[in-house]
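Asks: Sequence:
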Amino acid sequence: MILKSSMSTNIFTFQDYKSTPDPVYEVNVECLQPSPVPIIIDNGSFQTRAGWACDELSSPRLQFKSVAARSRGAARSETQIGNDIPNLEPLRWLLKSQFDRNAVVNFEIQELMFDYVFMHLGIATQGCVEHPVVLTEPPCNPLHCRQMMSELLFECYGVPQVSYGIDSLFSFYLNNKQRSMDIPHTGLVISSGYHCSHVLPVINGRLDAANCKRVNVGGSQAASYLQRLLQLKYPGQQPALTLSRMEELLHQHSYIASDYQQELEKWRSPEFYEQEVHRIQLPFSAKLAGAAGVGAEERQERRANQLRRLQEINARRREEKIQQDQERLDSLLAVQELLEDGLVDQFQRRLVELNMDSTEELQSYIHKISMNLELSRQRNLLQEGLDNRAEALDLDQSMEEGDGAADTDPDFGEENTEVERSVNVSQPALKLAEYHQLYVGTERLRAPEVIFQPSMIGEDQMGLMETVQFVLDRYTPEQQGALVENVLLTGGNLMYPGLRDRVESELLAIRPFQSYFKVRLASRPALDAWYGAREWALQNPPGELGWLSRQDYEEKGGEYLSEHCASNVFVPMAISRPTQRANEAVPASELTLPTESGQATGPVAVAMETTPVSGADASLSDTREASSNMHSNTDPLIST
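So that you can map any letter, position 430 of the sequence shown is 657 in this note's numbering, and since no number is skipped, the others follow by simple counting.
A portion of the hints provided could be inaccurate.
[What the hints assert, rightly or not] Here are the in silico distance ranges between beta carbons for each label pair:
1) Pro-248 with Arg-319: 31 to 39 Å
2) Met-598 with Glu-539: 46 to 54 Å
3) Trp-494 with Tyr-461: 13 to 21 Å
[What the hints assert, rightly or not] Computed list of lysine-lysine pairs in DSS-like fashion (alpha-carbon distance at most 25 Å, straight line):
4) Lys-783 with Lys-404
5) Lys-595 with Lys-548
6) Lys-323 with Lys-292
7) Lys-245 with Lys-323
8) Lys-245 with Lys-292
Just so you know, the hints here were simulated from the structure itself, not pulled from any lab data. All residues carry an ideal CB built from backbone N, CA and C; glycine is no exception.
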């Protein structure tokens with residue numbers, strides 16, 4: 228929402244989007260006949276998207292954030308998922324996700340997500356889900372994560388078939404098909420999501436997993452960085468600078484500079500700053516603004532009313548105090564009369580009840596209370612006299628002014644005063660609104676810059692384009708030329724204005740002189756992963772290459788993957804043959820003495836040997852060891 232101001236710029240306000248619960252859909256007949264239609268699930272770390280792979284339903288039916296929250300302390304509290312949570316900020320400390328960065332590790336939350344998806348899609352079959360499932364996974368997904376996911380889908384939900392694919396490669400598949408490119412495709416996919424960014428080379432239609440690289444910076448880090456910048460700039464507005472609002476600023480007000488340093492120099496100019504700064508109006512109380520514009524006469528009248536009420540309260544309290552003292556004095560005088568009447572026994576009992584020891588103490592109390600009563604009555608008379616005198620003075624002054632003998636005209640300038648008062652009312656209100664504004668200037672380009680310069684947030688990693696250069700250097704010049712001719716930018720964190728120009732500018736700097744390259748942005752960077760998976764499922768029905776059946780799961784293991792053009796590369800886990808322990812006794816019957824050549828034969832020789840690791844398995848071991856360091860993106864990830 229934009230509010231026009233009197234200045235040359237616009238004032239923006241936060242939308243503060245509130246999600247609405249998803250309805251429970253009914254399954255269309257087209258999704259059941261002639262065979263169950265696959266369910267497409269884009270299992271993203273920021274949002275989950277789910278729908279059907281049929282021509283009649285061409286868009287995802289469900290889109291919700293991949294978070295769950297359960298209230299603590301409640302005995303039967305239900306877990307809220309995604310759009311069931313209208314506002315994330317009050318429950319942010321309770322939010323849980325199934326992801327650790329971009330890999331699924333919390334399968335209890337993942338099961339809740341699947342329950343939510345299947346229920347709202349209208350699947351009501353008892354004990355199983357009869358539809359095949361196409362599910363996205365991160366590049367180089369660890370074998371254990373895929374094994375647990377397959378176990379959850381096959382054992383818990385009883386799905387007939389599953390296909391795994393990388394979200395950014397599904398987007399690559401869709402955009403290449405929209406351009407009618409020849410198969411197999413070769414290109415370079417640059418993707419950035421909520422937690423990570425990836426550079427994925429595709430050679431002849433298959434992912435080159437050995438040269439994939441990851442940068443541990445995404446939209447989450449950019450939003451947190453923007454929040455810290457504004458909290459340092461406006462320390463008094465920290466409660467209003469929520470993470471949800473920072474994501475809104477990042478998506479709607481940020482941009483990528485073609486040259487970061489030159490763009491910062493432009494912001495030094497006051498004219499450029501006034502033209503480009505975005506003023507974000509925070510909510511504030513309008514009642515305070517109206518109170519600031521109250522006139523002097525009204526304020527004086529309010530003070531007089533408050534003073535009059537205070538005087539009435541004090542007078543009432545004095546009357547109550549006098550009445551209490553009078554009642555106390557009457558009771559003490561009644562006790563004194565008992566002594567005068569000769570009723571000594573009753574007098575002594577009353578003294579004990581009053582906690583007094585002697586007649587002198589009783590006389591002292593009577594004298595003290597009598598003096599207090601007299602002083603209180605005199606104060607009341609004096610106060611009444613002052614009030615009457617003030618009223619008389621006001622009456623005399625009004626009579627003198629009514630004679631027409633006053634030296635000044637009280638109505639002189641009254642009209643001008645009213646005009647000035649009406650003008651001055653709006654000025655304090657405008658100033659109060661300005662006190663609740665955020666001036667978002669260089670923060671518009673500093674926050675998204677972290678994907679190109681992770682060192683800005685303390686990450687010891689290469690930026691996105693440095694990683695691209697590192698990947699390209701691993702190929703021959705001919706392969707480099709084929710890769711850069713088809714560069715695709717995809718992912719929800721690559722929707723900033725100016726991003727394509729920045730990538731083209733930096734790619735031009737690292738490529739040879741007059742070399743050709745082509746950079747294009749995905750048609751729908753945040754949704755093309757789901758649409759690409761849907762298109763792939765329509766072109767490859769269940770049972771063809773790329774689908775994993777329950778029989779494959781039982782025979783080949785949960786980590787098994789049926790490869791296709793948008794999938795990871797499956798590398799089975801290498802298991803070494805167990806060796807004979809040094810302190811374990813060997814039966815004498817199996818001992819064989821060494822021959823003249825010095826080599827042992829028989830069972831001893833077999834026990835001393837270990838299974839050699841092949842070249843592929845050795846590189847896999849090195850890859851896993853290198854990828855264990857989360858802050859290093861100069862070594863390959865886990866190739867699975």
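Asks: Are the hints correct? Go through all of them and say.
Replies: Consistency of the hints with the structure:
no.	hint	verdict
1	Pro-248 with Arg-319: 31 to 39 Å	19 Å, violated
2	Met-598 with Glu-539: 46 to 54 Å	27 Å, violated
3	Trp-494 with Tyr-461: 13 to 21 Å	18 Å, holds
4	Lys-783 with Lys-404	32 Å, violated
5	Lys-595 with Lys-548	14 Å, holds
6	Lys-323 with Lys-292	11 Å, holds
7	Lys-245 with Lys-323	19 Å, holds
8	Lys-245 with Lys-292	12 Å, holds
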